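A.B. asks: Use the sequences and the hints to build the structure in full.
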Amino acid sequence: MTVTVYLPLLLPVLVALAARHLADRARPRAAVLGLVTASVLTAAASLWSLLLLVLTLFDDLPAMEALNSRSGMHLPEPVPDWVAVTATVVLAACLINLARDVHLRHGTARRLRTAGPTADGVMVADWSEPLAVAVPGRPGQVLLTTGMLRVLDADERRAVLAHERAHLAHHHHLAVLLAAAAASVNPLLRPARDAVIYQVERWADEEAAAGLGNRDLVARAVARAALATADYRTPTPALGVHGGVIVRRVKALHRPAPAGAGWLLALPAAAVIACIALEAIATLDFFQLLDAWLIG
Amino acid sequence: MSDEEAGRRRARGELESEVMAALWAADEPLTPTAVQTALGGSLAYNTVQTILIRLLEKDLVRRGPADRGRGHAYWPAQDAATLTATRMRAALDERPDRQAVLQQFAAGLEAGDVETLRALLAERDS
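So the sequence lines, in the order shown, correspond to chains A and B. The working numbering puts the first residue of the first sequence at 31, with every later residue one more than the last. The working numbering puts the first residue of the second sequence at -17, with every later residue one more than the last.
Simulated from the structure, these hints should not be mistaken for lab results. Check each hint, because a few of them may be wrong.
[Unchecked claim] Each pair of labels, with its calculated beta carbon distance range:
1) Asp185/A <-> Leu38/B: 17 to 27 Å
2) Ile35/B <-> Ile303/A: 57 to 67 Å
3) Leu63/A <-> Asp107/B: 27 to 37 Å
4) Thr19/B <-> Arg55/A: 36 to 46 Å
5) Leu38/B <-> Val43/A: 57 to 67 Å
6) Asn127/A <-> Tyr27/B: 49 to 59 Å
7) Asp183/A <-> Ala93/B: 20 to 30 Å
[Stated by the list, open to error] Where chain A lies over chain B, by a calculated footprint (3+ residues, C-beta under 8 Å):
8) 4 to 10
9) 13 to 22
10) 61 to 74
11) 86 to 98
The model shown is predicted, which means the values in this text are computed figures rather than measured ones. Just so it is clear, CB atoms sit at the ideal spot from N, CA and C, and this is done for glycine as well.
C.D. replies: What follows is the structure, encoded as structure tokens:
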């Protein structure tokens, strides 16, 4: 119970690696489902590892201490106490982060959902900043500002609506929530979370393009809406040489829809399988340790 | 409900928001004919008229006599949208990291993207 309990904490690196390589090669839908599943399962493995480490403090309970000194023998202690204590703190921090994130997202969505009257699920806010937001809930709603409506023509507005409705129809907020929750458990999953945030936008773009039968139209709507936001918020510093996510989305729409690259999902799948196997071994080891403590 | 009927219902539903959007995008009140034109002329006059009446019943639009000729011109109800904006800002201002919480269309512009996007738009327009 040494390597087997620590290794799962590092395996999300494979998921992050896959996230980077999936970028614009795989179908967005496959990428989202694969990355979210792998993120959630490897994050669960991380939590389980932390829990096992916390439980090794068991031998420090007063009752066990008494047993230890009476029998005059030394109990096996594969995990140093300071590691177990650190694991306790990290586990507590993870759970608090998780609860806070879910609570905040939920609260924001609830407040936005009741912001105003809707015409078949669309709310209009009279605000000059161009914004279009999918607000999840039952039913989900689309929130548009007049600033957004005024920079687009009728076809482009249709594209934006189709894009936002695709977010709602496929519960993209859940995919993002799960990926974010996983990343808050294990920071190594942050690249996977960012990839999921990007891929749900691509998924909605592709769905809008398919629905309207016009990839160029969706590309134009994305470009125009993004340009309009430049007057309201300063663009963030450039991260890569190939341009930001908006440029990547527009360029992806100028190419044919990505068809495959499902094999790239083998990497996160391997990470998940390895995590489950290692956790199983670590758990068995832990029970043996427990036996040694209680019987020995 | 048959599939066809469901399709019609959905289509009619989506039209309401498109008409709403067209009224907001316009700078002045629109007659049903003007709405028809703004939406690319693919809708029947009667359909537009029906949708406008329904929006009027929902209190999402207002109407008055048209400038020229007979009939009515329609404009979006300002008060509801202003209130929506106020509530929206209140909900968003609590979150400095709104990018992380909301799926926003076309957010996340980086330095240098503006020029690239202008070039991409110009390239496709020509």
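A.B. asks: Next step is simple, just say for each hint if it's right about the structure.
C.D. replies: Hint by hint, here is what the structure shows:
{"no.": "1", "hint": "Asp185/A <-> Leu38/B: 17 to 27 Å", "result": "holds, 26 Å"}
{"no.": "2", "hint": "Ile35/B <-> Ile303/A: 57 to 67 Å", "result": "holds, 60 Å"}
{"no.": "3", "hint": "Leu63/A <-> Asp107/B: 27 to 37 Å", "result": "holds, 36 Å"}
{"no.": "4", "hint": "Thr19/B <-> Arg55/A: 36 to 46 Å", "result": "holds, 43 Å"}
{"no.": "5", "hint": "Leu38/B <-> Val43/A: 57 to 67 Å", "result": "holds, 58 Å"}
{"no.": "6", "hint": "Asn127/A <-> Tyr27/B: 49 to 59 Å", "result": "holds, 56 Å"}
{"no.": "7", "hint": "Asp183/A <-> Ala93/B: 20 to 30 Å", "result": "holds, 28 Å"}
{"no.": "8", "hint": "4 to 10", "result": "holds (count 3)"}
{"no.": "9", "hint": "13 to 22", "result": "holds (count 3)"}
{"no.": "10", "hint": "61 to 74", "result": "holds (count 12)"}
{"no.": "11", "hint": "86 to 98", "result": "holds (count 12)"}
When each numbered hint is compared with the structure, no violation occurs for any of them.
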